[in-house]
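Novice: Residue numbers (our numbering), protein chains in the order written: chain A, 13 to 386; chain B, 13 to 386; chain C, 13 to 386; chain D, 13 to 386.
Rather than coming from a laboratory, the hints here were simulated on the basis of the structure.
Keep in mind that a hint or two might mislead.
No copy labels: a pair is met if it fits in one copy or bridges any two.
Stated by the list, open to error - Straight-line C-alpha distance at most 20 Å; calculated SDA-like pairs for lysine to any residue:
1. Lys365 / Ser222
2. Lys216 / Ile90
3. Lys238 / Glu217
4. Lys26 / Ala329
5. Lys354 / Pro321
6. Lys26 / Glu45
7. Lys325 / Glu50
8. Lys142 / Asp108
9. Lys53 / Trp327
10. Lys253 / Asp375
11. Lys253 / Thr44
12. Lys53 / Asn22
13. Lys178 / Phe27
14. Lys49 / Pro31
15. Lys325 / Pro32
16. Lys37 / Asp348
17. Lys384 / Asp203
18. Lys65 / Ser46
19. Lys255 / Gly96
There are 4 protein chains.
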Amino acid sequence: MGRAHSNAYNQMPKFFYPPPAQPVKEIVCGRTESKVKEFSKQFGWNNVETDWKQMIKSDKIDVFDNCGPNFMHLEPNIQAAEEGIDIICEKPLARDLEEGRKIAKAIRKSGVKSLCAYNYRRVPAIQLAKRLIEEGYIGDIYHWRAVYLQDWIIDPDFPLVWRLQKDKAGSGPHGDLNAHIVDLSQYLLGDIDTVIGMEETFIKERPLPSGEGVGLGDHTSDEERKMGEVTVDDAVLFLAKFKNGALGSFEATRFANGRRNYNHFEINGSKGSIIFNLERMNELEFYSSEDPSFAQGFRTINVTEGNHPYVNKWWPAGHIIGWEHTFTHEIYDFFDAIANDKEIHPNFDDALKTQVVLERVKDSIDSKTWEKCE
Amino acid sequence: MGRAHSNAYNQMPKFFYPPPAQPVKEIVCGRTESKVKEFSKQFGWNNVETDWKQMIKSDKIDVFDNCGPNFMHLEPNIQAAEEGIDIICEKPLARDLEEGRKIAKAIRKSGVKSLCAYNYRRVPAIQLAKRLIEEGYIGDIYHWRAVYLQDWIIDPDFPLVWRLQKDKAGSGPHGDLNAHIVDLSQYLLGDIDTVIGMEETFIKERPLPSGEGVGLGDHTSDEERKMGEVTVDDAVLFLAKFKNGALGSFEATRFANGRRNYNHFEINGSKGSIIFNLERMNELEFYSSEDPSFAQGFRTINVTEGNHPYVNKWWPAGHIIGWEHTFTHEIYDFFDAIANDKEIHPNFDDALKTQVVLERVKDSIDSKTWEKCE
Amino acid sequence: MGRAHSNAYNQMPKFFYPPPAQPVKEIVCGRTESKVKEFSKQFGWNNVETDWKQMIKSDKIDVFDNCGPNFMHLEPNIQAAEEGIDIICEKPLARDLEEGRKIAKAIRKSGVKSLCAYNYRRVPAIQLAKRLIEEGYIGDIYHWRAVYLQDWIIDPDFPLVWRLQKDKAGSGPHGDLNAHIVDLSQYLLGDIDTVIGMEETFIKERPLPSGEGVGLGDHTSDEERKMGEVTVDDAVLFLAKFKNGALGSFEATRFANGRRNYNHFEINGSKGSIIFNLERMNELEFYSSEDPSFAQGFRTINVTEGNHPYVNKWWPAGHIIGWEHTFTHEIYDFFDAIANDKEIHPNFDDALKTQVVLERVKDSIDSKTWEKCE
Amino acid sequence: MGRAHSNAYNQMPKFFYPPPAQPVKEIVCGRTESKVKEFSKQFGWNNVETDWKQMIKSDKIDVFDNCGPNFMHLEPNIQAAEEGIDIICEKPLARDLEEGRKIAKAIRKSGVKSLCAYNYRRVPAIQLAKRLIEEGYIGDIYHWRAVYLQDWIIDPDFPLVWRLQKDKAGSGPHGDLNAHIVDLSQYLLGDIDTVIGMEETFIKERPLPSGEGVGLGDHTSDEERKMGEVTVDDAVLFLAKFKNGALGSFEATRFANGRRNYNHFEINGSKGSIIFNLERMNELEFYSSEDPSFAQGFRTINVTEGNHPYVNKWWPAGHIIGWEHTFTHEIYDFFDAIANDKEIHPNFDDALKTQVVLERVKDSIDSKTWEKCE
C-alpha cells in the first residue's frame, strides 16, 4: 500500500496538472530503518522515520497518509487529528467498531479533513454507475448482489501471515473484502438497515512464517514447520436489507479457486441494471428497459472515453488504466478538497458506517439472528 | 409444460432410437374441453379427458405425467400411485412440505416409479459438472453460489396470474426458481444442513386478469381494472450450510431487470471451480488449479461434442440444443428406468428433500434464525 | 441432414399450428435399402425408395427435399423441376457454378418454387439483424467481417471422407462454410462486386475410410491404412467489395483448433454495429452510436422474447432454441410460400449468386487477381 | 506520446528498482516554446529545446527518444545515429519503405542501439503468448487472424488532422494500426512472405482544423468550414501467407462503430489456439487440444500473477495494469539492453520488416495482385 500511495503522490501533479496543491513527500515512516530507507530512495521521499509519533509531531506535516496494517490505525489517526493534520487512512477504518468510533470521534472533534481509502469508489466505471443511478437510469432499486472472491490462501501450506491473525488484522476477508463491497453498496444505494451473516474458517491451522515478516505472501522454506491457529474467517456471507427497501447479498472469500480479485456486483432497478467487475474495471455493463423492446440487453460500456470521469486526465480515449490509478484519483480529490475546502467522501464517518455493518454482521453470526445496523 | 412434455414424448423415440419403450400418448386431460381437444389435435394425443380421476382410472394408462399447476399435485399424484401408475410430476413436488410428504409417502407405499421434473439435471453441461465433481476435478467443495433471476413481472401492470396467488402456486420464485437451484445444489453437493432466508414482495397489488385465465401472461385490456393482493414472494434469498461443510447462497427473484432466465451457479473447490448459466446452457465454465501455473483460467467448454452426455443422440458435434431437449432426456431416462427397472433421480423422495429446504427457508424467515433441514 | 429435415416436417405442424399446409412424409429415398428402411421407421415416413428417379416420378410427391451430398444436386433437382415439383435443396446449390446455373435455369423454366436450405437466415437473431439494418439502426454499412471456423479434421489421422474429395463435395470449407457466410452477407448487405482469395490444404494425404461409408466421421480401425489424396481446400480466405461500397472479409477453415462451429460475423455501419456468433445463436450483439455518449457499448440481446421472429411459436420467453429449429422455420416458410403463393428466399437464383461468388473466389486464386462476381 | 514516454522514464526506476541505468530527463524538444516549457514543467524535464538539431548535438544526450509525428522520423533518427546516440522511436519507423531503409541503414552503420516502440510486444499477455508458442503449446501454426478496429473518425465532421494527411502521416490506419498487428504477427509467427490488400477512404473530404493544430482531436467551431481532401486510407485489409505456411488476415480501420481500440488477434495451431484483445490486455485466451477431450475450451488467463512477465514489478497478484505500463516495460528493457549490452527487439531492422510488409500491401493494392515481401 505504501507503494500505491507513494506512486499516487508522484503521479497526481503530473496528470492532474496543475494540481490543486503540490504534494511534498516529506517523511516516510516504517518499522525497519533499512527497509524504509530503501523504500524512500526508491519512491522519492525527503526523509525517513521509524517512530510514527515523531513523524506526526513534525511541524512539516500537513497530511498524514496511514498505510499501516489495521492495528496501526487507532492511535496514529487520533494523534494526527489532535495535531490538526488532515488524514487519509487505508481501509478498513479499524479492527472493530469500537476502535472505529474512537477514530471518527477524534476527527469530528478536531475538524480535520479525513478520507478512508476505499479506492474503488474512484474507478471511473463506479463513478459512471453512480451517475446512472443518480440520473434515474436505474429507477427504484430492488437488488444489490455482490461478491468479492479471491483464492490466494487456498493452498493449505500458505503461511499464517498477519492477515490471518485476528489481533493484527481484526478479521479475514470480512474486513478486507466485504469492507470494500459494503462501502460501495452504501455509496450507491444508501444505508444498510439490517443484516444476518455466516462465516467459516476452512483451514484451521497453517504453518508459521519463518521470519518476522508480515508480508502478504512470505513463505517459509523450513522443512519442520511450526503450525499456528488461523484466528480469522476464511469466508463471510451475509444478507442485508437496505433502508430504501432493496435486498442485498454479500460474500467475501479467499477460497474461490480461479478468482484472483473478483470484486463483482450487480444492481437491479425498476428501469435498468448495472454490473461491475473489478477484474475488468475499465468496463461497466448497463441494461436499460427503455431500449426498444426487441433490442434490449446488457451493454458493455468501455469506460475509457473522454467524457468518463477522470479518463481525460490520462490518455487518449480507448486506452485502459490500471488498479493503481484509483489511488491517484483519490489523492487528487483529497488535495482538491483540502486546497479548496470541499467536502470529500468517504470520510471517517462514512467509513464508520461500513464498520457498523461489518460489526453487526459479526454480531449476527453470534446471535444467529438479524441485527440492526446502528 | 403440456407442450414441453408432449414434445418430449414425440421426440424421444425418434432420437433415442430404438427407445427403451415406445410412448403412446393415450389420454390428455385439461379443464376446458375445447382447449384440450385443440391441444390434442396439435400434439397428437389419442384421447382427451377433462376429469383427471377418469383418466387415472383408465386401464390404458401406465404412466401419469402431471403437468398441472402446483395445487393439482397432491390428489392426482396420490391417486395415480394407488392405481400403480408410474408418475412423472412437474416441479415443485407440492405447494408445501406437508403436501410433499403425503405424496412421497404414497409413492413409497405403492412402489411405483416416480420422477420429479427438475429438468435442468439433464442439461448436458450439468451432467458434465456432475462428472467433474465425481471424478475429483473440483476437489473438496467450499462454495456454492446460485441465483435464478428473471424479470417478467417487473412491470407493476403485469396482472395477478395464478403464479402470484399463494393458494394456487404455494409461493413465488421461491417454489418456482429456488426449487431448481436447490435441487441442483443437492444433486451436485449433497444435502443442505441449515438455512436462513429473507423475502420481499415489492409490488403488493396488481390488476386482476380480465378473464378466468391462469395463463402465464394474460393481460387485461380493461380500462378500469380491479386490483388484487399479491400473496406470494417476489424474491427470496437465503444462506445455507451443506452437510459437507460447504457454504451456499441462493437467490430467486422476478425483479432482476434484464435477466430473462438467468439460472446461474458457481462452485469453488480445493482443486477447481465450475460455472453454469442456463442462458448459455450448451456451455460450462471450468477452472482447474492443476493447469500450468502460468496458464490457468476459466475455460468455456462447448458441451456439444459426441463424448458429452446425450449429445450424440441429436446432431453432429458442434450444434447446440435448446431448452426443450432437457425434457426429452428426462422422458428417455424415465422410460429406460421403467422398461429396464433402473433407479432414477430425482424421484419424489429427492424432490421432498428440496421441499424440506424450501420450507425451512420459509420457517427461517418467520423465526428470524437458522433452521435445520429435517 | 435427412434427420434435421425429417424432424422439421414432424415439428412444423405442431409448433406452427395450424400449419399453412400439412406435410405428409410420403417417400424417403436413400442408397442402401436396409438403412433407409430403418431411417423411415425411426422418423416416420410412409414409404422408402432407393431410386430417386422413381421417387420423383411418383404422383404422390408435391415437394422434393434434396438432402443428398453435393454431387446429387444437379440431376435430381432438374428432373424434379421438370415434374413440376417444388424443391428445397441443401446448400450449396451445386458443386460448381456451371452446375448451379443449370439447376437455376431449370427452376426458372419450370416455374416451381425453390428454396436453398441456407438455414442460418432463419435464426431469430439473423432475422433481428436484418430488421435492425432495414430499419436504419446501423446506417450506411462500411464493413462486413465473417469467419466460419471449425476444427473437426485437424487430426491428420481423420480419414478421407466424401467431404474431402473434390468429385463428391466440389470443395472443402469453401463450399461448405464460406457458402453460409456469403449467403448471409448478401442477404444482409446486398451483392458482392469483386473478390480475391487464397486457399490452402494443410494436410495433403489422409487415411482412406475402411468401408464404403460417406459418413461425416467414419474412422477406420485398420492398422495398415491406405492413404489417399485430399483434393479439396482445408481453408479459404477472401476479401470482397460489395456493390454498396462496403468492404468484406471472409474466412472458412477446418483447422481452427478449439472452434467447433464458429460462424461469426460483425457488421459496422455509420450508426451502429452488429455481431453474431452461431455458437451463441440465441444472442445478438448490437451497438448504437445513438445511445447516450457516456453509456455506449455493445449490448447482448437475448433473442428469446415473444417479439422476436419465430420465438413465440416455441416456448415462453427466455427459453433458448437449438440448431435444429432453424430447419423448422425454413419448412414453415416454405410451406407457407407454397400454400399461399408467396415469394421465398433464398430461392435457387439467390443461391446461384452465392455460387457465383464462390466460383469467382476460386478463379481469383488461380488468376491471382481480383475477379468480378458476374 | 510524449506524455507516455515521459511517464515511462519517471516510473521505470521506481518499479524496476534498482534500474539498470538511471534515466535523466535532460532535454525535451517541441515546436512551440510555450507548450514545451509547460510540458517540461508538468513531467519534469531539466531543459527545453525547440530545435531538434540543437538537442541532438548536445553532449548531454545519450539516448534520443523520438515521439515526433511520422514525418519527423527520417532526419532526426539519422542524425542521432550519426552522433552515436541510442535511439528509441515511435512506430511506424517511417512514412514509407524508402525512408525506413535509410533510417535502418544509418543505424546499422553507426552501431547504436535502436528500438522501435511497438509497445504491445511488452504487454504481459503478449509475452505469455510468445512463451506458449515457443514452448510448443500451440504446435504448428495454421492461422493468424488479426484486426485493429477503431471508430474515432467515423463522424464525417471530424476534422482533417495530421493523421489524415498523407504528407504528414504517410498513411491512415495502415501505418498506424496495421503496423502494430504486422509487428505482432512477425514477432509471434515469423516473416510474412506474400500479401494482397485492399483499401478504402469512406469520407473523402473533411473540415479543416481551425488552427494550425496537429492534435489528435482538434475540432473547429467555425460555422463556415473550409473542407480539405482526406489523402490517407480509412481502412486497409489484406491477406498474407507466412514463410512457415500459415495463412494470415489483417484489417485496420477507423470506421468500426463501437470499437474503441480493438486490437484483436487469434492464432490457431495444431495443438492449441490463442486469442488476444487489447481492450482486455490483462487477459489471454488459450485453448489446448491436450486437455481432456470432455473438458476442452478456451480459457481466460488473468495475466496478473507473479509468474507472468513484468507483473511482479508492479502490484500484488490480481491487480491489473494499464496501457501506459507497456511503455515502462519498453524503457526498462531498452535501458537494460544499453547498460548491459544486450540485444533488444524490435530494433530498426525488425521495424523495417514491418515497413516492407506495409509497403508491399500498398503495392498489391496498386498492382491488384500478390506481392512478395522483400
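Novice: Indicate, hint by hint, whether the structure satisfies it.
Specialist: Hint-by-hint comparison with the structure:
1. In this homomeric assembly, lysine 365 and serine 222 never come within 20 Å of each other (Cα to Cα): the closest approach is 38 Å inside a single copy and 48 Å across copies.
2. For a Cα distance limit of 20 Å, the shortest separation of lysine 216 from isoleucine 90 qualifies neither inside one copy, at 34 Å, nor across copies, at 49 Å.
3. For the identical chains of this complex, lysine 238 and glutamate 217 are intra-copy neighbours only, at 10 Å inside a copy versus 63 Å across copies, given an alpha-carbon limit of 20 Å.
4. Taking the closest pair of Cα atoms, lysine 26 and alanine 329 come within 20 Å of each other only inside a single copy of the chain (18 Å); across copies the shortest separation is 27 Å, beyond that limit.
5. For a Cα distance limit of 20 Å, the shortest separation of lysine 354 from proline 321 inside one copy, 18 Å, qualifies, whereas the shortest one across copies, 42 Å, does not.
6. Taking the closest pair of Cα atoms, lysine 26 and glutamate 45 come within 20 Å of each other only across two copies (19 Å); inside a single copy the shortest separation is 30 Å, beyond that limit.
7. Proximity of lysine 325 to glutamate 50 under the C-alpha cut-off of 20 Å is restricted to the inter-copy arrangement: shortest distance 16 Å between copies versus 31 Å within a copy.
8. For the identical chains of this complex, lysine 142 and aspartate 108 are neighbours neither inside a copy (28 Å) nor across copies (42 Å), given an alpha-carbon limit of 20 Å.
9. Only between protomers do lysine 53 and tryptophan 327 lie at most 20 Å apart by alpha-carbon distance; the minimum there is 18 Å, versus 28 Å within a single protomer.
10. Taking the closest pair of Cα atoms, lysine 253 and aspartate 375 come within 20 Å of each other both inside a single copy (16 Å) and across two copies (18 Å).
11. Taking CA atoms no more than 20 Å apart as the test, lysine 253 paired with threonine 44 passes in neither setting, with 45 Å inside one copy and 44 Å between copies.
12. Taking the closest pair of Cα atoms, lysine 53 and asparagine 22 come within 20 Å of each other both inside a single copy (13 Å) and across two copies (14 Å).
13. Within a single copy, lysine 178 and phenylalanine 27 get their C-alpha atoms no closer than 39 Å, and across copies no closer than 32 Å, so neither meets the 20 Å cut-off.
14. In the homo-oligomer, the alpha carbons of lysine 49 and proline 31 lie at most 20 Å apart only across protomers (17 Å), although the nearest pairing inside one protomer, at 27 Å, exceeds that limit.
15. Only within a single protomer do lysine 325 and proline 32 lie at most 20 Å apart by alpha-carbon distance; the minimum there is 14 Å, versus 30 Å between protomers.
16. Proximity of lysine 37 to aspartate 348 under the C-alpha cut-off of 20 Å is restricted to the intra-copy arrangement: shortest distance 17 Å within a copy versus 28 Å between copies.
17. For the homomeric pair lysine 384 and aspartate 203, the shortest alpha-carbon distance inside one copy (11 Å) is at most 20 Å, but the shortest distance between copies (31 Å) is not.
18. Taking the shortest Cα distances, lysine 65 and serine 46 sit within 20 Å of each other inside one copy (19 Å), while across copies they are farther apart (45 Å).
19. In this assembly of identical chains, lysine 255 and glycine 96 lie within 20 Å of each other by CA distance neither inside one copy nor across copies; the values are 35 Å within and 54 Å between.
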